[in-house]
Amino acid sequence: DSGVTQTPKHLITATGQRVTLRCSPRSGDLSVYWYQQSLDQGLQFLIQYYNGEERAKGNILERFSAQQFPDLHSELNLSSLELGDSALYFCASSALSRGSTDTQYFGPGTRLTVL
Amino acid sequence: AQSVAQPEDQVNVAEGNPLTVKCTYSVSGNPYLFWYVQYPNRGLQFLLKYITGDNLVKGSYGFEAEFNKSQTSFHLKKPSALVSDSALYFCAVSPNTDSWGKLQFGAGTQVVVTP
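From first to last, the protein sequence lines stand for chains A and B. With my numbering, the residue at position 49 of the first sequence is 49, and numbering never jumps. With my numbering, the residue at position 79 of the second sequence is 79, and numbering never jumps.
Where hints are given, some of them may not hold.
Label-pair distances were calculated between CB atoms; the ranges are [stated by the list, open to error]:
no. : chain 1 : residue 1 : chain 2 : residue 2 : range
1   : A       : Glu82     : B       : Asp54     : 30 to 38 Å
2   : B       : Ser70     : A       : Ala14     : 47 to 55 Å
3   : B       : Arg42     : A       : Gly58     : 46 to 54 Å
4   : A       : Ser79     : B       : Leu82     : 39 to 47 Å
5   : A       : Lys57     : B       : Ser80     : 24 to 32 Å
6   : A       : Ser38     : B       : Lys58     : 26 to 34 Å
Hints listed in this document are in silico derivations from the structure and should not be mistaken for laboratory results. Here a beta-carbon is modelled for each residue, glycine too, at the ideal position from N, C-alpha and C.
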């Protein structure tokens with residue numbers, strides 16, 4: 001158990017809908033990262049937050065947004081969902097912000113299925 | 001731009017035999033390299049990382065990896081494989097030209113250990 005929790009584990013929804021994925025980092029970690037894992041794209045970095053502020057952006061669609069709250073949990077919002085958004089979404093956390101050497105610890109993921 | 005490649009989609013090995021999972025990288029400057037393992041329906045688990053220093057890095061569950069700068073490789077090894085090592089293995093690189101440590105992952109290598 002990495003100490004990173006994600007809810008829900010599974011999410012099934014329809015095209016055009018909006019969903020929210022939640023992540024709680026390990027105790028004491030200030031950085032939260034979101035990744036998407038799909039069969040065709042592999043594991044892709046989406047976005048990073050540090051202590052409530054956005055710090056890095058990757059291949060994140062404009063329909064997707066995220067935030068990190070004062071208690072350090074993070075939410076990833078996916079809107080106008082398309083079939084191609086079906087994937088496993090991982091949250092990871094690490095202790096530091098400016099830390100390319102940091103170890104990122106991953107949660108169990110949320111499996112999103114868009115029908 | 002940095003990239004990481006895992007040239008083998010799948011590695012098959014008999015239990016008790018040595019296991020090697022290959023990874024090559026391309027980065028500007030010194031690389032920060034990581035190995036993660038993913039079991040079915042689970043999140044990614046950190047195995048080990050190379051930041052600097054000794055080229056042989058020891059990690060969890062008896063795994064080790066050898067950093068080779070001249071060959072730009074970071075192969076994962078285990079002297080004696082177990083059936084329980086069957087999983088999906090990911091190599092990742094963290095860019096050191098960017099202080100925000102987003103990981104770039106390889107496509108993954110499926111390891112199958114047969115009894």
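A quick look at each hint next to the structure:
no.: 1; hint: Glu82/A - Asp54/B: 30 to 38 Å; result: violated, 47 Å
no.: 2; hint: Ser70/B - Ala14/A: 47 to 55 Å; result: holds, 53 Å
no.: 3; hint: Arg42/B - Gly58/A: 46 to 54 Å; result: violated, 23 Å
no.: 4; hint: Ser79/A - Leu82/B: 39 to 47 Å; result: holds, 44 Å
no.: 5; hint: Lys57/A - Ser80/B: 24 to 32 Å; result: violated, 43 Å
no.: 6; hint: Ser38/A - Lys58/B: 26 to 34 Å; result: holds, 32 Å
The structure is inconsistent with the numbered hints 1, 3 and 5, although it conforms to all the rest.
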